[in-house]
Amino acid sequence: MILVLVETDATGAVEVSRETLTFARDLSAAGGGVPIDAVVVGALPCPVADLAAQLASYGVRDVHHATGDAFGAYGGAAWASAVQSVRASVGSVVVTAAGTPRGMEVLAHLAARLDVTMAANVVAFDGLAPFTVTRQVVGGAALEDMVLGERPAIFTVAGHAVEATTAATPGEGRVVTTAPEVAAADLVARVVSAEPAQEDLSGGLKSARVVVGAGRGAGSADGFGDLLELVDLLDGALGVSRVVTSLGWRPHHEQVGQTGSRISPDLYVACGISGAIQHWAGCASAKTILAINTDPDAPMVAKAHYAVIGDLHEVVPAINEEIRRRRPA
Amino acid sequence: MSLDVLVCVKRVVDSTGEVVLTEDGQSADGRYAGFTLSNHEECAIELAVQTATAAGGSASVLTLGEPEAVDQLRSALAVGCTAATHIGADPGAFGPADVAREIAAVIRDHEGSGRPHDLVLLGNDAADTGDFQVGIRLAHELGRPVVNGAATIAVEDGHVVAGVKGPEGRETYRVPLPAVVTVLEGGVEPRYPTVPGRMKAKKVEIEQRTPSTEPAGPNRRRLRLPPPQPSEVQVLGKGADAAAAVVDLFEQLGVVAR
Ligand SMILES: Cc1cc2nc3c(=O)[nH]c(=O)nc-3n(C[C@H](O)[C@H](O)[C@H](O)COP(=O)(O)OP(=O)(O)OC[C@H]3O[C@@H](n4cnc5c(N)ncnc54)[C@H](O)[C@@H]3O)c2cc1C
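Listed in order, the protein sequences are those of chains A and B.
To convert, note that position 240 of the first sequence is 240 in the working numbering; the numbers rise steadily by one, no gaps.
To convert, note that position 146 of the second sequence is 146 in the working numbering; the numbers rise steadily by one, no gaps.
Some clues are possibly wrong.
To be verified - Quick list of the computed label-pair ranges, beta carbon to beta carbon:
hint : chain 1 : residue 1 : chain 2 : residue 2 : range
1    : A       : G204      : B       : P167      : 43 to 49 Å
2    : A       : D115      : B       : H159      : 44 to 50 Å
3    : B       : D90       : A       : R209      : 25 to 31 Å
4    : A       : G72       : B       : H159      : 16 to 22 Å
5    : B       : G17       : A       : T165      : 35 to 41 Å
6    : B       : R31       : A       : G219      : 56 to 62 Å
7    : A       : K287      : B       : L225      : 41 to 47 Å
8    : B       : G17       : A       : D115      : 48 to 54 Å
9    : B       : R191      : A       : A179      : 37 to 43 Å
Hints listed in this document are in silico derivations from the structure and should not be mistaken for laboratory results.
No residue lacks a Cβ here, since even glycine has one placed at the ideal position from N, Cα and C.
Same shape as in the complex, but just chain A (with noise of 0.2 Å):
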């Protein structure tokens, strides 16, 4: 049996944990059709029965539902106690979750407590006897091929590893609810408060429909006018590689990449970013890519949809003129 931790949202499952439901499901084939549980933890910030029949899509049989006081505020430990008591009551010989930091956290939890190995961010697996997977390492810039011999078998799904699909035969979706006992050790390191977005100052950045990305190219910290004028002329946000932020030229919060923002807009401008893969990990879902580079080469010409090849401070300014040029007067 798989058990795939869920992580939910106003909307049901969130994306990446249907990405990983995918990915069991391949399991499951490979391995003879092995039946795929899922767990859920906590109060759900939506119906269960609504839950439910959307994991039943994705080819879940049964959905368990820990309750309890000591599910109340998110906490690592008891999360994984949770999963662990339901692992032991249904014999699951797989556990996984999504690789986002819960889904990493929870499973390393498991992981510890089991006394097994983790993989962490798979994006396949490529075989069963032995199973092996192939995951990201080296913030996703090379493969490691990974033997996950003991039982169970602990690992999470990496972000856009496989597109979220449903089953072609649904399962049953059975919502088993359940009040795992949680040791009081466990209950030490929870969220005591939370405070929702507004100081979450990359929202802006997230949601824009048009991001201008500066990066060393930019030059120093006096080198954003022309890229500050671009942004508003499309009325959209800037965006930095970690280069820009660690050097102090812009603050954290405009950071996209792996370890800043993930950005999924219509339009991504990249302006003097070579295109690392931590940069990348974090804009490549953008509809349409434009780099302006001076170096033909750069990873972020070769992988954009259009590129100008050239220096950003004499291009930004000229693309600001003719935008100014062409706008009724």
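Position chain B with the ligand relative to chain A; hints supplied.
Frame of chain A, contents of chain B with the ligand only:
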């Protein structure tokens, strides 16, 4: 209260440029790229030094790695750590559980000799192996609480208060010491070493240790590079002359009015 903070770091190949693998496919090759610390760990060092200074305590640094990993210990010493421990070993032979066990052994030993570490900081995940679990496994070994992915920390009334960017916004944890915290970059600016800082760091004697047990290993078969994607880029032009073609594109995409 005199607070002792231990920060655990790892020497990694600088992967900001092109990544090249060693011939045996077991690790990234640092011969040309050079070695560094991950940004998570640079922030962890900064938080260790700030927290220790605020509490009138001290910060020390530990690494498990090849002899050259002493360079990374010296960089932490140059920015305010005052003691360092080096567990000499080939890090490629150690899986995350092995590393956690070795760090725990050192912490227990230090504790036994009257030098307990109240707070242990680590990077959220290693920049090379990306295992996401050494901190949690270490907390398990030591029977301590652990907070993951902290951007900020403060110590008050025998507790560590950690700020984490979570799905519900900015989340706060308040955990009694001794505790383990893994640090995610972005909450603090690491400071650069000064020349006197570097000079001082050179003189610090580094505690040398050997691993306490045989490592079980990382279960790695091999590393490989992902296949290159074919480029389909359309070059709109060179320099300022390309501006008209760019704005045509913007109009076509509907991001500026026609
Ligand atoms: C674990 C880890 C996590 C990371 N997370 C992130 C992350 O979240 N986000 C991120 O961005 N990076 C991240 N990085 C860093 C990443 O590897 C790169 O170092 C970084 O993205 C490079 O930034 P850059 O492209 O601005 O700078 P560089 O790599 O220095 O590239 C500058 C580019 O600008 C071009 N250029 C220079 N001058 C001009 C000019 N005048 N006009 C036009 N073009 C010019 C150059 O040709 C070059 O292509 C991470 C690294 C690691 C190891």
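Verification of the hints:
no.	hint	result
1	G204(A) - P167(B): 43 to 49 Å	violated, 19 Å
2	D115(A) - H159(B): 44 to 50 Å	violated, 29 Å
3	D90(B) - R209(A): 25 to 31 Å	violated, 50 Å
4	G72(A) - H159(B): 16 to 22 Å	holds, 20 Å
5	G17(B) - T165(A): 35 to 41 Å	holds, 36 Å
6	R31(B) - G219(A): 56 to 62 Å	violated, 30 Å
7	K287(A) - L225(B): 41 to 47 Å	violated, 27 Å
8	G17(B) - D115(A): 48 to 54 Å	violated, 38 Å
9	R191(B) - A179(A): 37 to 43 Å	violated, 49 Å
Consistency note: the structure conflicts with the earlier hints numbered 1, 2, 3, 6, 7, 8, 9.
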